[in-house]
Amino acid sequence: MPSPRLAALLIAAALPCAGLAQQDTQKEVERYRQLLAEGNPADLFEAKGEELWKARRGPKNASLEQCDLGLGAGVVKGAFAHLPRYFADTDRVQDMESRIVTCMVTLQGFTPEQAMKNPFSAPGRPSDMEALASYVAGESKGMKLDTPLAHPKEVEAFRVGEQLFYRRAGPHDFACVSCHGDNGKRIRLQDLPKLTDPNDAQKIFTTWPAYRVSQGSVRTMQHRLYDCYWQMRHPQLDYASEASIALEVFMAKYANGGEIRAPGLKR
Amino acid sequence: MKRFSPLVLLALAACATGPADEEARQRAEQVFRGSFTHGNRAIAARVEKQDEAQALCTRYRNEPPKDVAEKIESTEAAGIRYPVPGKFLGDWRQGEKIAQDGYGLRFTDPDTKRPNGGGCYNCHRIAPAEISYGTVGPSLYRFGALRGAGEPVQRYVYGKIYDAQAYLACSQMPRFGKNGVLTEEQITHLVALLLDPQSPVNK
Amino acid sequence: MAEPMRIRANMTGDKVEVRVLMAHEMETGQRKDGSGKLVPAHFIQNVTVTCTGRTVLSAQWGTSISKNPFMHFRFKGGKPGDKVTISWVDNKGERRTDEAVIAGG
Amino acid sequence: MDMGKRGFLRAGGALALVATGLLRPLRAFAQQWNKAAFETKGIAATLKALGGSGSTESAQIQITAPDIAENGAVVPITIESAIPRTQSIAILIEKNPTTLSASFDIPDGTDPFITTRVKMAETSNIYAVVRADGKYFHAAKEIKVTLGGCGG
Numbered sequence: 001m002p003s004p005r006l007a008a009l010l011i012a013a014a015l016p017c018a019g020l021a022q023q024d025t026q027k028e029v030e031r032y033r034q035l036l037a038e039g040n041p042a043d044l045f046e047a048k049g050e051e052l053w054k055a056r057r058g059p060k061n062a063s064l065e066q067c068d069l070g071l072g073a074g075v076v077k078g079a080f081a082h083l084p085r086y087f088a089d090t091d092r093v094q095d096m097e098s099r100i101v102t103c104m105v106t107l108q109g110f111t112p113e114q115a116m117k118n119p120f121s122a123p124g125r126p127s128d129m130e131a132l133a134s135y136v137a138g139e140s141k142g143m144k145l146d147t148p149l150a151h152p153k154e155v156e157a158f159r160v161g162e163q164l165f166y167r168r169a170g171p172h173d174f175a176c177v178s179c180h181g182d183n184g185k186r187i188r189l190q191d192l193p194k195l196t197d198p199n200d201a202q203k204i205f206t207t208w209p210a211y212r213v214s215q216g217s218v219r220t221m222q223h224r225l226y227d228c229y230w231q232m233r234h235p236q237l238d239y240a241s242e243a244s245i246a247l248e249v250f251m252a253k254y255a256n257g258g259e260i261r262a263p264g265l266k267r
Numbered sequence: 001m002k003r004f005s006p007l008v009l010l011a012l013a014a015c016a017t018g019p020a021d022e023e024a025r026q027r028a029e030q031v032f033r034g035s036f037t038h039g040n041r042a043i044a045a046r047v048e049k050q051d052e053a054q055a056l057c058t059r060y061r062n063e064p065p066k067d068v069a070e071k072i073e074s075t076e077a078a079g080i081r082y083p084v085p086g087k088f089l090g091d092w093r094q095g096e097k098i099a100q101d102g103y104g105l106r107f108t109d110p111d112t113k114r115p116n117g118g119g120c121y122n123c124h125r126i127a128p129a130e131i132s133y134g135t136v137g138p139s140l141y142r143f144g145a146l147r148g149a150g151e152p153v154q155r156y157v158y159g160k161i162y163d164a165q166a167y168l169a170c171s172q173m174p175r176f177g178k179n180g181v182l183t184e185e186q187i188t189h190l191v192a193l194l195l196d197p198q199s200p201v202n203k
Numbered sequence: 001m002a003e004p005m006r007i008r009a010n011m012t013g014d015k016v017e018v019r020v021l022m023a024h025e026m027e028t029g030q031r032k033d034g035s036g037k038l039v040p041a042h043f044i045q046n047v048t049v050t051c052t053g054r055t056v057l058s059a060q061w062g063t064s065i066s067k068n069p070f071m072h073f074r075f076k077g078g079k080p081g082d083k084v085t086i087s088w089v090d091n092k093g094e095r096r097t098d099e100a101v102i103a104g105g
Numbered sequence: 001m002d003m004g005k006r007g008f009l010r011a012g013g014a015l016a017l018v019a020t021g022l023l024r025p026l027r028a029f030a031q032q033w034n035k036a037a038f039e040t041k042g043i044a045a046t047l048k049a050l051g052g053s054g055s056t057e058s059a060q061i062q063i064t065a066p067d068i069a070e071n072g073a074v075v076p077i078t079i080e081s082a083i084p085r086t087q088s089i090a091i092l093i094e095k096n097p098t099t100l101s102a103s104f105d106i107p108d109g110t111d112p113f114i115t116t117r118v119k120m121a122e123t124s125n126i127y128a129v130v131r132a133d134g135k136y137f138h139a140a141k142e143i144k145v146t147l148g149g150c151g152g
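Protein chains in written order, with the numbering used here: chain S, 1 to 267; chain E, 1 to 203; chain V, 1 to 105; chain P, 1 to 152.
No lab work stands behind these hints, which were simulated from the structure alone.
Just so we're clear, the structure is a prediction, and the values are computed from it rather than from any experiment.
Built from N, CA and C at the ideal position, the CB exists for glycine as well.
Mixed in with the good hints there might be a few duds.
In silico BS3-like cross-links for lysine-lysine, where the CA-CA straight-line distance does not exceed 25 Å [what the hints assert, rightly or not]:
{"no.": "1", "chain 1": "V", "residue 1": "Lys92", "chain 2": "V", "residue 2": "Lys32"}
{"no.": "2", "chain 1": "P", "residue 1": "Lys35", "chain 2": "P", "residue 2": "Lys144"}
{"no.": "3", "chain 1": "P", "residue 1": "Lys35", "chain 2": "V", "residue 2": "Lys32"}
{"no.": "4", "chain 1": "P", "residue 1": "Lys95", "chain 2": "P", "residue 2": "Lys141"}
{"no.": "5", "chain 1": "S", "residue 1": "Lys203", "chain 2": "S", "residue 2": "Lys185"}
{"no.": "6", "chain 1": "P", "residue 1": "Lys144", "chain 2": "E", "residue 2": "Lys203"}
{"no.": "7", "chain 1": "E", "residue 1": "Lys97", "chain 2": "S", "residue 2": "Lys185"}
{"no.": "8", "chain 1": "V", "residue 1": "Lys32", "chain 2": "P", "residue 2": "Lys41"}
{"no.": "9", "chain 1": "E", "residue 1": "Lys97", "chain 2": "E", "residue 2": "Lys113"}
{"no.": "10", "chain 1": "E", "residue 1": "Lys71", "chain 2": "E", "residue 2": "Lys178"}
{"no.": "11", "chain 1": "P", "residue 1": "Lys95", "chain 2": "P", "residue 2": "Lys41"}
{"no.": "12", "chain 1": "E", "residue 1": "Lys97", "chain 2": "E", "residue 2": "Lys178"}
{"no.": "13", "chain 1": "P", "residue 1": "Lys35", "chain 2": "P", "residue 2": "Lys135"}
{"no.": "14", "chain 1": "P", "residue 1": "Lys95", "chain 2": "P", "residue 2": "Lys48"}
{"no.": "15", "chain 1": "P", "residue 1": "Lys41", "chain 2": "V", "residue 2": "Lys92"}
{"no.": "16", "chain 1": "P", "residue 1": "Lys95", "chain 2": "E", "residue 2": "Lys97"}
{"no.": "17", "chain 1": "V", "residue 1": "Lys92", "chain 2": "S", "residue 2": "Lys117"}
{"no.": "18", "chain 1": "S", "residue 1": "Lys77", "chain 2": "S", "residue 2": "Lys185"}
{"no.": "19", "chain 1": "E", "residue 1": "Lys113", "chain 2": "V", "residue 2": "Lys15"}
{"no.": "20", "chain 1": "P", "residue 1": "Lys141", "chain 2": "S", "residue 2": "Lys27"}
{"no.": "21", "chain 1": "P", "residue 1": "Lys144", "chain 2": "S", "residue 2": "Lys27"}
{"no.": "22", "chain 1": "S", "residue 1": "Lys141", "chain 2": "S", "residue 2": "Lys60"}
{"no.": "23", "chain 1": "S", "residue 1": "Lys141", "chain 2": "S", "residue 2": "Lys203"}
{"no.": "24", "chain 1": "S", "residue 1": "Lys141", "chain 2": "S", "residue 2": "Lys77"}
{"no.": "25", "chain 1": "E", "residue 1": "Lys178", "chain 2": "E", "residue 2": "Lys113"}
{"no.": "26", "chain 1": "V", "residue 1": "Lys92", "chain 2": "P", "residue 2": "Lys144"}
{"no.": "27", "chain 1": "E", "residue 1": "Lys178", "chain 2": "E", "residue 2": "Lys49"}
{"no.": "28", "chain 1": "P", "residue 1": "Lys95", "chain 2": "V", "residue 2": "Lys32"}
{"no.": "29", "chain 1": "S", "residue 1": "Lys185", "chain 2": "P", "residue 2": "Lys41"}
{"no.": "30", "chain 1": "V", "residue 1": "Lys15", "chain 2": "V", "residue 2": "Lys92"}
{"no.": "31", "chain 1": "E", "residue 1": "Lys97", "chain 2": "P", "residue 2": "Lys35"}
{"no.": "32", "chain 1": "V", "residue 1": "Lys83", "chain 2": "S", "residue 2": "Lys117"}
{"no.": "33", "chain 1": "E", "residue 1": "Lys66", "chain 2": "E", "residue 2": "Lys178"}
{"no.": "34", "chain 1": "V", "residue 1": "Lys37", "chain 2": "E", "residue 2": "Lys113"}
{"no.": "35", "chain 1": "P", "residue 1": "Lys141", "chain 2": "P", "residue 2": "Lys48"}
If you want the ones that stay clear, here's a sample from chain P, every Cβ over 10 Å from chain V, calculated [unchecked claim]:
{"no.": "36", "residue": "Thr56"}
{"no.": "37", "residue": "Ser58"}
{"no.": "38", "residue": "Ala82"}
{"no.": "39", "residue": "Ser101"}
{"no.": "40", "residue": "Gly148"}
Use the sequences and the hints to build the structure in full.
Structure below.
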């Protein structure tokens with residue numbers, strides 16, 4: 001009996017080429033996406049988010065208008081383009097969502113538990129966070145992503161994120177890189193960006209948050225990561241966890257320079 | 001000024017496997033354990049500890065040096081449990097269902113009585129009727145027609161699905177048999193899907 | 001309570017192009033919730049679009065219009081500054097009306 | 001959700017919006033909802049429920065939709081009729097649990113053109129049924145609905 005390795009060499013011959021059918025499918029899927037693009041339901045979330053941002057809410061009956069998203073209190077425009085980043089007041093690196101949570105706690109008086117209670121909507125149970133994130137991200141539309149990597153904690157987050165990106169575990173041996181380490185691949189019909197390639201990363205990372213037609217709602221980057229780990233047969237990723245933010249810092253570095261087109265529209 | 005220069009990126013990437021990386025690795029492990037605290041503890045325990053192949057493939061970013069690769073391949077090959085000769089080919093119809101199905105082992109999959117799926121179409125083109133297939137792995141369309149369906153091929157396909165890393169260290173393909181994702185019987189159904197002359201894959 | 005619509009109304013030549021997004025669950029009545037119970041149907045049944053008092057489109061919808069519905073159509077006879085008014089009513093009797101001012105081409 | 005006033009206004013530009021809530025009179029919905037048609041299954045039966053005894057296939061009806069939908073929950077579809085005196089356009093989906101998806105009345109002065117998005121339970125033919133000058137015409141197109149993501 002030949003060894004498995006030898007058998008593989010004997011059997012692995014030229015693979016049949018994918019042929020025309022695959023190209024036709026890709027073309028039609030591309031057309032599907034184009035036809036959807038003329039009306040993005042994320043607009044509804046942006047409008048609702050703006051209203052929520054300016055509404056007096058919580059125990060302190062205050063709005064989020066004085067929230068410091070990194071460019072100073074009260075500046076929303078352009079702030080998303082520089083997130084995640086280090087914040088001195090919390091002494092940690094924060095992404096957009098964790099920073100909104102901070103503002104809901106400090107300005108509006110919610111407990112962190114209240115602020116993080118419903119970050120991902122379900123049918124019939126809308127999420128304020130999905131609306132707020134759509135609004136804040138939308139206020140940086142057209143700008144170039146430019147996240148900092150100067151503070152030691154930002155550098156540390158990048159290096160932790162990098163380690164996590166390659167970390168294989170679980171019954172399927174999956175790591176982030178299992179699906180996002182190559183150009184031009186897809187799962188089923190969905191394209192997979194190579195997240196360490198600036199060309200791919202710039203196009204994709206900057207479209208989150210995005211309205212997902214398969215879920216009937218805007219989903220945030222935190223949800224994207226939660227959902228990836230779900231598929232990877234990992235346990236539930238904690239919302240706004242250190243690992244999630246480290247991965248965002250890692251991905252953002254390759255996506256820097258990409259034009260922000262959030263909230264986007266996806267399958 | 002704060003912009004991340006390509007040089008810095010390069011520098012960070014270059015030290016990926018150096019000794020300075022051990023510090024980052026340990027910090028990452030700490031962060032990892034602190035970031036899945038609200039979910040199922042049993043699942044958390046399952047991913048916190050990596051087996052040898054997972055740890056090595058993580059360390060070498062799926063590009064292990066030759067000696068490490070050979071070690072992984074021989075260890076994994078020794079762990080494959082083959083069916084008795086003559087029992088490699090199951091039922092391709094059941095194989096097609098397993099190839100389509102992505103159920104199992106996610107934290108929202110509580111029904112442990114329902115068999116796990118293989119999710120093969122996520123990454124491979126297989127039967128031509130399914131146009132929604134992935135391209136992470138090679139096309140398997142006409143696999144048996146192109147390569148024959150004799151005993152050595154059956155054995156190879158079974159082993160490859162059971163433990164892909166016995167053939168290629170740090171392959172991205174899950175080790176379905178080794179990790180208990182699929183049963184030995186389910187794997188024989190997938191072997192049939194690829195090799196049975198009656199399977200739509202080979203028609 | 002129903003959320004506002006997003007309406008865009010623009011002149012293209014002598015026609016008004018209207019694009020509207022509506023916030024609605026469009027529940028089919030066939031989906032089960034977490035506990036396995038069927039979620040009752042909840043969907044927009046009628047949509048009416050008027051411009052300066054004249055009906056320019058009316059529609060009847062079933063449960064298979066997508067969640068957060070989108071609609072695009074065009075009509076003649078409007079001019080910049082006119083108002084386009086869109087109303088919907090769903091099977092539970094909830095309703096919503098919003099307006100947009102027609103923008104120039 | 002504890003929100004205050006819901007109305008807001010974006011002044012200037014193409015995006016103008018005024019929420020007027022409940023102020024519209026009921027007569028805006030004088031039009032009825034054709035329950036029978038929406039609960040019918042099958043193309044022929046639905047056509048009948050809509051008031052047509054038969055329909056003629058017409059090349060003057062154009063359906064613009066992708067051949068393949070990445071997700072069945074949202075399938076974009078545009079129907080345009082070049083048939084003179086088009087009065088209404090209906091969208092029927094053969095394999096959905098209920099066939100009729102929507103019916104649009106097209107008054108004089110409005111283009112016989114409509115874009116919307118429909119749910120499709122599975123790969124199916126969709127029919128555009130046009131009533132023009134009291135007669136019924138149709139066109140059909142198959143749309144494949146695919147499994148997406150990691151499936152399962």
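To see whether the hints hold, each was checked on the structure:
no. : hint                   : verdict
1   : Lys92(V) to Lys32(V)   : 19 Å, holds
2   : Lys35(P) to Lys144(P)  : 28 Å, violated
3   : Lys35(P) to Lys32(V)   : 23 Å, holds
4   : Lys95(P) to Lys141(P)  : 13 Å, holds
5   : Lys203(S) to Lys185(S) : 15 Å, holds
6   : Lys144(P) to Lys203(E) : 23 Å, holds
7   : Lys97(E) to Lys185(S)  : 23 Å, holds
8   : Lys32(V) to Lys41(P)   : 22 Å, holds
9   : Lys97(E) to Lys113(E)  : 16 Å, holds
10  : Lys71(E) to Lys178(E)  : 16 Å, holds
11  : Lys95(P) to Lys41(P)   : 9 Å, holds
12  : Lys97(E) to Lys178(E)  : 21 Å, holds
13  : Lys35(P) to Lys135(P)  : 22 Å, holds
14  : Lys95(P) to Lys48(P)   : 17 Å, holds
15  : Lys41(P) to Lys92(V)   : 23 Å, holds
16  : Lys95(P) to Lys97(E)   : 22 Å, holds
17  : Lys92(V) to Lys117(S)  : 29 Å, violated
18  : Lys77(S) to Lys185(S)  : 35 Å, violated
19  : Lys113(E) to Lys15(V)  : 60 Å, violated
20  : Lys141(P) to Lys27(S)  : 17 Å, holds
21  : Lys144(P) to Lys27(S)  : 14 Å, holds
22  : Lys141(S) to Lys60(S)  : 31 Å, violated
23  : Lys141(S) to Lys203(S) : 13 Å, holds
24  : Lys141(S) to Lys77(S)  : 9 Å, holds
25  : Lys178(E) to Lys113(E) : 19 Å, holds
26  : Lys92(V) to Lys144(P)  : 33 Å, violated
27  : Lys178(E) to Lys49(E)  : 16 Å, holds
28  : Lys95(P) to Lys32(V)   : 20 Å, holds
29  : Lys185(S) to Lys41(P)  : 41 Å, violated
30  : Lys15(V) to Lys92(V)   : 34 Å, violated
31  : Lys97(E) to Lys35(P)   : 39 Å, violated
32  : Lys83(V) to Lys117(S)  : 41 Å, violated
33  : Lys66(E) to Lys178(E)  : 23 Å, holds
34  : Lys37(V) to Lys113(E)  : 22 Å, holds
35  : Lys141(P) to Lys48(P)  : 20 Å, holds
36  : Thr56                  : 23 Å, holds
37  : Ser58                  : 20 Å, holds
38  : Ala82                  : 15 Å, holds
39  : Ser101                 : 4 Å, violated
40  : Gly148                 : 15 Å, holds
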